[in-house]
Amino acid sequence: MSLWSRMANVFRGEGVSREIAEELESHIAEAVEQGRDPAEARRAFGAALRTREECRDFRVLAWLDSVRADTIFAWRQFLKHKVTSAAAVLSLALAIGACTSAFRLIDALLLRPLPVAAPEQLYAVVRQGSDLVDDKPVMSTDWPYPSFRLMRDAVKGQADLLAISYTQRTDLTYRSDAEMEKANLQYVSGWMFDSLGLRPAAGRLFTENDDLKPRAHPYAVLSYDYWKRRFGRDPKAVGRTFQLGESLFLIVGVGPAPFTGTEPGTVTDIFLPTMMHPGVTRDDWTWMRTLARVRPGIALEPLRAKLDAVSYAFEKERSKGFKDETPESIERFLKQRVVLEPAAAGASGLQQTYRTALAAMGVLVALVLLIACANVANLMTAQAAARAREMALRVSIGAGRARLVQLVLVESAWLAMASAALGAWLAWWSAPFVVSRINPPDNPARLILPADWRVLAFGAALTLAVTLLFGLAPALRASKVNPARALRGGASNPHARRRLMHALIAVQVAFCFVVLFVAGLFAATFDHLSHFPLGFAADRLLTVETVASSKQPAVFWNEEADRLRAMPGVESVALAGWALLDGNSWNNFVSVNGAPLSPILAHFLEVSPGWIDTMKIALLDGRDFRLSDATPGAAIVNETFVKQFLHGASPIGMPFAAHDQSFRVVGVVRDSPYRSLREPIPPVAYVPFQPTRRATIMIRTRSANPLAVASILRREVTRARVTNVGTQLDLVQAQTVRERLLSMLALFFAAVALALAAIGLYGVLDYSVLQRRREIGIRMAIGAQAGDIAWRVTAEVFRMVLVGALAGFGVGMLSARYITALLYQVRPSDPAMLAIPSAILVGTALIAALPAVVHAVRIDPVAMLRAD
Amino acid sequence: MPKTDSLQGSLDLLVLKILSRRPRLHGYALMTAIKDWSGDVLNAEEGSLYPALHRMEEAGWIRAQWVTKTTGRRARNYELTTAGRKQLEAEESRWQAVTAAVNRVLRTV
Numbered sequence: 001m002s003l004w005s006r007m008a009n010v011f012r013g014e015g016v017s018r019e020i021a022e023e024l025e026s027h028i029a030e031a032v033e034q035g036r037d038p039a040e041a042r043r044a045f046g047a048a049l050r051t052r053e054e055c056r057d058f059r060v061l062a063w064l065d066s067v068r069a070d071t072i073f074a075w076r077q078f079l080k081h082k083v084t085s086a087a088a089v090l091s092l093a094l095a096i097g098a099c100t101s102a103f104r105l106i107d108a109l110l111l112r113p114l115p116v117a118a119p120e121q122l123y124a125v126v127r128q129g130s131d132l133v134d135d136k137p138v139m140s141t142d143w144p145y146p147s148f149r150l151m152r153d154a155v156k157g158q159a160d161l162l163a164i165s166y167t168q169r170t171d172l173t174y175r176s177d178a179e180m181e182k183a184n185l186q187y188v189s190g191w192m193f194d195s196l197g198l199r200p201a202a203g204r205l206f207t208e209n210d211d212l213k214p215r216a217h218p219y220a221v222l223s224y225d226y227w228k229r230r231f232g233r234d235p236k237a238v239g240r241t242f243q244l245g246e247s248l249f250l251i252v253g254v255g256p257a258p259f260t261g262t263e264p265g266t267v268t269d270i271f272l273p274t275m276m277h278p279g280v281t282r283d284d285w286t287w288m289r290t291l292a293r294v295r296p297g298i299a300l301e302p303l304r305a306k307l308d309a310v311s312y313a314f315e316k317e318r319s320k321g322f323k324d325e326t327p328e329s330i331e332r333f334l335k336q337r338v339v340l341e342p343a344a345a346g347a348s349g350l351q352q353t354y355r356t357a358l359a360a361m362g363v364l365v366a367l368v369l370l371i372a373c374a375n376v377a378n379l380m381t382a383q384a385a386a387r388a389r390e391m392a393l394r395v396s397i398g399a400g401r402a403r404l405v406q407l408v409l410v411e412s413a414w415l416a417m418a419s420a421a422l423g424a425w426l427a428w429w430s431a432p433f434v435v436s437r438i439n440p441p442d443n444p445a446r447l448i449l450p451a452d453w454r455v456l457a458f459g460a461a462l463t464l465a466v467t468l469l470f471g472l473a474p475a476l477r478a479s480k481v482n483p484a485r486a487l488r489g490g491a492s493n494p495h496a497r498r499r500l501m502h503a504l505i506a507v508q509v510a511f512c513f514v515v516l517f518v519a520g521l522f523a524a525t526f527d528h529l530s531h532f533p534l535g536f537a538a539d540r541l542l543t544v545e546t547v548a549s550s551k552q553p554a555v556f557w558n559e560e561a562d563r564l565r566a567m568p569g570v571e572s573v574a575l576a577g578w579a580l581l582d583g584n585s586w587n588n589f590v591s592v593n594g595a596p597l598s599p600i601l602a603h604f605l606e607v608s609p610g611w612i613d614t615m616k617i618a619l620l621d622g623r624d625f626r627l628s629d630a631t632p633g634a635a636i637v638n639e640t641f642v643k644q645f646l647h648g649a650s651p652i653g654m655p656f657a658a659h660d661q662s663f664r665v666v667g668v669v670r671d672s673p674y675r676s677l678r679e680p681i682p683p684v685a686y687v688p689f690q691p692t693r694r695a696t697i698m699i700r701t702r703s704a705n706p707l708a709v710a711s712i713l714r715r716e717v718t719r720a721r722v723t724n725v726g727t728q729l730d731l732v733q734a735q736t737v738r739e740r741l742l743s744m745l746a747l748f749f750a751a752v753a754l755a756l757a758a759i760g761l762y763g764v765l766d767y768s769v770l771q772r773r774r775e776i777g778i779r780m781a782i783g784a785q786a787g788d789i790a791w792r793v794t795a796e797v798f799r800m801v802l803v804g805a806l807a808g809f810g811v812g813m814l815s816a817r818y819i820t821a822l823l824y825q826v827r828p829s830d831p832a833m834l835a836i837p838s839a840i841l842v843g844t845a846l847i848a849a850l851p852a853v854v855h856a857v858r859i860d861p862v863a864m865l866r867a868d
Numbered sequence: 869m870p871k872t873d874s875l876q877g878s879l880d881l882l883v884l885k886i887l888s889r890r891p892r893l894h895g896y897a898l899m900t901a902i903k904d905w906s907g908d909v910l911n912a913e914e915g916s917l918y919p920a921l922h923r924m925e926e927a928g929w930i931r932a933q934w935v936t937k938t939t940g941r942r943a944r945n946y947e948l949t950t951a952g953r954k955q956l957e958a959e960e961s962r963w964q965a966v967t968a969a970v971n972r973v974l975r976t977v
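Here the protein sequences line up with chains A and B, keeping their order.
Taking my numbering, the leading residue of the first sequence gets 1, the next gets one more, and so forth.
Taking my numbering, the leading residue of the second sequence gets 869, the next gets one more, and so forth.
Errors might be hidden in some of the hints.
Said to hold, decoys possible - Here are some chain A residues pointing at chain B (derived, C-beta under 8 Å): (1) ARG18; (2) LEU24; (3) GLY35; (4) ASP37; (5) PHE58; (6) ALA62; (7) GLU317.
Think of the hints as simulated: they come from the structure by calculation, not from any bench.
Small disclaimer: the values here were computed from a predicted structure and weren't measured.
C-beta: ideal position from N, C-alpha, C; glycine also.
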């Protein structure tokens, strides 16, 4: 209680002192009233001020009071140097905001434990192997259900295995087909909710009994988020049904509020039992992840070995049925090893894609923060020099060393806190902004970004660290002031102070070089990818995904296409199994001209006659498909196919076989990327349509915005259902979302880092000229040339720039190894990648040095020597 | 500096004791009370009385109240709290023990 009231009294300001003074005054008045002589009474009282101060020390917390006084003093200092304070706060705020933002993203995607019971017991069961084509190590997270079932039985009692499918955005309807809507579906093991310790918000959740027999449990559980968005938390949603494909599902319950699935980056809308997935009995369909909840006290390695053995036996048995694969590829396939990866934060594709990217970004913003800190430290050091007399005065009237350190640190804390407040605002909107840039068509990433105690704690720790980082050195230096010397007029050792500032410049330049270098690598990567020769024209091209109620022959699809050709604004229409670069793929080993299966996979895509025209892919040889062509039968192949399999033989008429179907090459077209811009263009065979439920209609429009015709298009497609409308351009750009984001952010931070370093350099040079103006005056008076002066002023700093750049070069080369996965056709050791940042740095340094040099050369020796 | 050192260590005890008998006294009255009741032997200095009062107030042994006197002047009156009453008991028995011990020493030597 006492401590509390003493703390409270600190903030009553003058009230406490006034009260004590009044009491003492009242004492003397009382004495006078009792008949004592006023002067005598006052004399007898002694030093009233001293008594008052002694009383006050009991009433208030002395150290807190001193902090309060320092805080007020620091605020006045802050206002006195408005421009420098604002510059310092702005640069720090940018850096702190960026760091907090990066932390929010990294935390939300990679660190934050799932809102389930004991998340630390969760592991993702994955397979590590090497790529079938090149030998690169690959990690696969997907499993076939029968294998999962065997593994689950094998480790019962030690770990609970959960099957959780990838979320898929699918069409469903609560009423009629006309009112189709999309939702993120996820098939999960019935026992998942129990195992994760989740309780329903409404209705009930699945149990093991909801996941026993294939196709026997048409039940659904909604996520709380979806329940809120789609049904406004209507309790009557439980008990409603929806149509999904051919089945009618009954909603039985709603999951708990914080749980949005186990894939950070995707919010699951509807959970279904795994038994309702069409692939649940297929041993060749991998459609789900396996998570393991390992019981406490169970050793991981024996568990892993057991899972490995079961998985190996399963795949070995399955491989006996492989027909189209070479013995080597089967052997390589079987070499996969089961690995357990900690998954307390869940497991998602977004994690895999952005783990390194976010880490790289985090390091970049941390470097920017350090550069900003070095800047402010230099600023504070220069300011402390100007305030040496003030400090000396404080020491002479009895301020202790600790008290001076406290004073300067409180000033730093002001700067840091003002920056943190501004930075928090920056982080508030910038983190969601970055997430909103990760938006593949139709499936934007939704990352839950809570601003809770984790983020607050990070922000507070960062602010404290920043305060100490830039405040401690100037504070210690200020406290070492020698009062006798400082008050006499001679500054305390200026060389030591300059050495500190120069060292900070070297550090800044080194970090700046690293940031510039990495930004250059990212920018070059994005540049390479966005100027990738596509082989087709992506503009004005609409992709319309359609699905029919049952398998339909090519004729059916061609009639649909014909109707669209008659639409106004349409230039040409063709059909394909799917649009290039939308992520789908179909591959097989092929046997050319009766030879044994080749070790390299060929990719396939079903297309209609006219597709190569609509796509504007160049026909190099032979002819396009005719309506009479069919699969098996005719095929059009790309250049890589010819190079890979035909070895220069005349391609037209060449027979090949894949998966028991034989084809004959009728045409050759120019190479186009197939599934991804980043993988080498594979050998591709385009083949005519087989009866199918799904097709993508490719429409080349006349108007620049292909989506303009999308609205009338749904009416024209009558016999099949349109499930998705997009543009080919979006698909192409989606390929470079990460690279665009990385290069955009990296370039932005590079610009900030460069600006900060330039300001820092300018500040230090200006300060040293100011300090050495008398020396410069004398040198000029005895005949030094302008060039000589300029050299003297800048030589030391440029030496530091050089040292910093060299250090940055080394660090950059070392760090580049960690980001090679993010680069495309860019070598960190490429001289251009090193020359550009070096040139930019040197150029910036020269420009930053110019004002100080001009200032130095313009010094008038006569005026300077007369001064003081 | 204090004329008599005799109060050393016993000021708290005296103030608490006086306030337990006569609640609501201001500083000047307390000072005169110490002087009068001790038969002019003990003399509390203003320079030590007021800091002691504020210290005891922050410790929660006594509480203060401003009252306006008939002359229109305000005075700060002190009274004992429950914690102060306990403190008085403790100080009193400690004082008894110490003086008894000192007396014993004086007798034996």
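Going through the hints against the structure:
{"no.": "1", "hint": "ARG18", "in the structure": "violated (12 Å)"}
{"no.": "2", "hint": "LEU24", "in the structure": "holds (7 Å)"}
{"no.": "3", "hint": "GLY35", "in the structure": "violated (12 Å)"}
{"no.": "4", "hint": "ASP37", "in the structure": "violated (15 Å)"}
{"no.": "5", "hint": "PHE58", "in the structure": "holds (4 Å)"}
{"no.": "6", "hint": "ALA62", "in the structure": "violated (12 Å)"}
{"no.": "7", "hint": "GLU317", "in the structure": "violated (81 Å)"}
The structure is inconsistent with the numbered hints 1, 3, 4, 6 and 7, although it conforms to all the rest.
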